[in-house]
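*Asks:* Residue 73 in my numbering sits at position 73 of the sequence shown; the count goes up by one each step and never skips.
With a straight-line cut-off of 27 Å between C-alpha atoms, the simulated BS3-like cross-links for lysine-lysine are: (1) Lys5 to Lys85; (2) Lys87 to Lys5; (3) Lys5 to Lys33; (4) Lys6 to Lys33; (5) Lys6 to Lys85; (6) Lys21 to Lys85.
I should point out that these hints are in silico values taken from the structure, not numbers from a laboratory.
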Amino acid sequence: MEATKKSYPTDLTDDQWELVKELIPAAGTGGRKRSVDIRAILNAIFYINATGCAWRMLPHDFPVWQTVYGYFRHWRITNTWQDIKAKL
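Could you put the whole structure together from the sequences, leaning on the hints where they help?
*Replies:* Structure, rendered in structure tokens:
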């Protein structure tokens, strides 16, 4: 049985996604191919920010919390997160 992704009020709209997708750094060369949906990562981060829930309590229809947190941490360090927030 395949789980269906819920829609949350904090999810990016298509217009918002168009505004920010160019700010997401390309996957690095070498290593594994990126296997996660970056829009789902952003939706999870916006969910965390809006609800204040703990990373480990992220609903199961988002990517795993460790992956979401890893992207968030990297984007904060590289100022990508600030650029995304400014664009929205």
